[in-house]
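Line order of the protein sequences matches chains S and R.
Just so we're aligned, residue 1 is where the first sequence starts under the numbering used here, counting upward by one.
Just so we're aligned, residue 1 is where the second sequence starts under the numbering used here, counting upward by one.
Because the hints were derived from the structure by calculation, they are not lab data.
Among the hints, erroneous ones may be present.
Example chain R residues on the side facing chain S (calculated, C-beta under 7 Å, incomplete) [said to hold, decoys possible]:
(1) I40
(2) I43
(3) E50
(4) A56
(5) A58
(6) M60
(7) G61
(8) G62
(9) L84
(10) Y87
(11) Y88
(12) R89
(13) A107
Taking lysine-lysine and the BS3-like style, the derived pairs with C-alpha atoms no more than 27 Å apart in a straight line are [said to hold, decoys possible]:
(14) S:K62 with S:K163
(15) S:K180 with R:K134
(16) S:K175 with R:K151
(17) R:K117 with R:K25
(18) S:K180 with R:K117
(19) S:K62 with S:K149
(20) S:K175 with R:K144
(21) R:K144 with R:K117
(22) R:K151 with R:K134
(23) S:K163 with S:K149
(24) R:K144 with R:K6
For every residue, glycine included, the Cβ atom is placed at its ideal position computed from N, Cα and C.
Chain by chain, the residues run as shown.
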Amino acid sequence: MIRSEILKEIAPILRDQLVVCNIGIPSQELHAIDDQPTNFYMLGTMGLASSIGLGLALAQDKTVISIDGDGSVLTNLCTLPTIANNVADNYILMIIDNGSYGSTGDQPTYTGKKTSLAGMARAAGCENVVEVMDVDTGPALEKAIADRKMTVMVVKCDSGNAKMPVITMDPVVIKDRFMKAVSA
Amino acid sequence: MDIDKKITDDLVANDISFVTTVPCKQLAGVIEEIDNRDDIFHIPSNKEDEGMGLCAGAWMGGKRPAIIMQNTAIGVTINTLATLIQYYRMPLPMLISYRGELREPVACQVEMAVHTKALLAQMNIPTYHFHHQKDVEELDMILKYTFMCNKPVAILTDANFWGGYGDQ
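The whole structure should be built from the sequences, with the hints applied where relevant.
Printed below as a string of structure tokens:
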């Protein structure tokens, strides 16, 4: 499965949760598949989906799911120790690990080679790290939500992108409706 | 006057309850004071752009954030300031240790100091420079201004403000 197929499958699970979605094609895919006020789309700032999600989870009680990518986590690796040492049990970091920089032309990342993000998360001190295959994403995500225990999910899948339109919604509109959904 | 306490009191009085920090020797006292306050959640960052991401999330979660960092971090955070904090129009007070100014003992710090105000000006970031201890009296107004206009705002605090650096 490629990322867009996973997003299609888990859209009904994501719909009821606060979601912080990674820059580029992941946000375009989620936006096209199931746009929700509870989705915060990153239009720039590669790497910070996990940090924004953690800050949001620490600031309020609702479950927060950050949908991140292997390339983006690699660019902000220092996020893992911060997550590990500031436990928010309403926080799930879901890394869609397709071993490539999808938005820039599927150039390979190091996670398709020797590097294990699950291993790095564990070494950073994250206590609840699960590695799942693409087809098992839905049940694993439902379990993580139900467990109400901070979870880092590394979802291994194939490299590739669906053709989706660019998000043209104004960033302030994205933020405003998201904040209203957070406080609703 | 205890500057560290005064700064922390102003943060609390402005309902700032989520503070991320990347340390500097000059900021050690205020970071310690923040860490000791029950009404502020202190989350150390490993890198300043990461810290701004945390602050953006906290803001959207209903908390007023602030970041405390060195001016070298301006070099690290330009993209985050432009594409996250400014693009989505979020308030962010940045209490910045202005290294490389008068009374600075480390020559390399001057190399970023000479770019600091130019970069902030280029980014259209409102910028205040605390050089004398009494300048801290404006902090309360600066914080109110930041959350009024929903912008990142820089407060540069140099060695003279902090009463010298190290053995100086």
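Results of checking the hints against the structure:
1. Annotation: I40 (chain R) was flagged as interfacial toward chain S, and the flag is violated, the nearest CB pair being 12 Å apart, outside 7 Å.
2. Annotation: I43 (chain R) was flagged as interfacial toward chain S, and the flag holds, the nearest CB pair being 5 Å apart, inside 7 Å.
3. With its C-beta approaching chain S no nearer than about 5 Å, E50 (chain R) sits inside the 7 Å limit, and its interface hint holds.
4. Annotation: interface hint on A56 (chain R) holds; nearest CB of chain S at approximately 5 Å, less than 7 Å.
5. Interface restraint check for A58 (chain R): the shortest CB-CB distance to chain S comes to about 4 Å, inside 7 Å, so the restraint holds.
6. Here the hint on M60 (chain R) is kept, as its CB sits about 5 Å from the closest CB of chain S, short of 7 Å.
7. The beta carbon of G61 (chain R) comes within 3 Å of a beta carbon in chain S, closer than 7 Å, and the hint placing it at the interface holds.
8. Given the 7 Å rule on beta carbons, the hint for G62 (chain R) holds: about 6 Å separates it from the nearest Cβ of chain S.
9. Given hint, L84 (chain R) at the interface with chain S, holds; its Cβ is 4 Å from that chain's nearest Cβ, closer than 7 Å.
10. About 5 Å separates the beta-carbon of Y87 (chain R) from the nearest beta-carbon of chain S, less than 7 Å, and the hint is met.
11. Interface hint at Y88 (chain R): satisfied, since its Cβ lies 5 Å from the closest Cβ of chain S, which is below the 7 Å cut-off.
12. For the restraint placing R89 (chain R) at the interface with chain S, the shortest Cβ-Cβ distance is roughly 5 Å, inside the 7 Å limit, so the hint holds.
13. About 28 Å separates the beta-carbon of A107 (chain R) from the nearest beta-carbon of chain S, more than 7 Å, and the hint is not met.
14. A hinted pair counts as satisfied when its Cα atoms are at most 27 Å apart, and K62 (chain S) with K163 (chain S) does not qualify at roughly 32 Å.
15. This hinted pair does not check out: K180 (chain S) and K134 (chain R) have alpha carbons roughly 40 Å apart, beyond 27 Å.
16. Among the hinted pairs, K175 (chain S) with K151 (chain R) is consistent with the structure: their alpha-carbon atoms are about 14 Å apart, no more than 27 Å.
17. This hinted pair checks out: K117 (chain R) and K25 (chain R) have alpha carbons roughly 21 Å apart, not beyond 27 Å.
18. For the suggested pair K180 (chain S) and K117 (chain R), the alpha carbons sit about 36 Å apart, so the restraint of at most 27 Å is broken.
19. This hinted pair checks out: K62 (chain S) and K149 (chain S) have alpha carbons roughly 12 Å apart, not beyond 27 Å.
20. Our distance criterion of 27 Å between C-alpha atoms is met by K175 (chain S) and K144 (chain R), whose separation comes to about 21 Å.
21. For a cut-off of 27 Å, the pair hint linking K144 (chain R) to K117 (chain R) stands: about 22 Å separates their Cα positions.
22. For the hint linking K151 (chain R) to K134 (chain R), the alpha-carbon distance of about 25 Å falls within 27 Å, and the restraint holds.
23. For the hint pairing K163 (chain S) with K149 (chain S), the CA-to-CA distance comes to about 35 Å; that exceeds 27 Å, so the pair is violated.
24. Between K144 (chain R) and K6 (chain R) the CA atoms are separated by roughly 16 Å; this keeps the pair inside 27 Å, and the hint holds.
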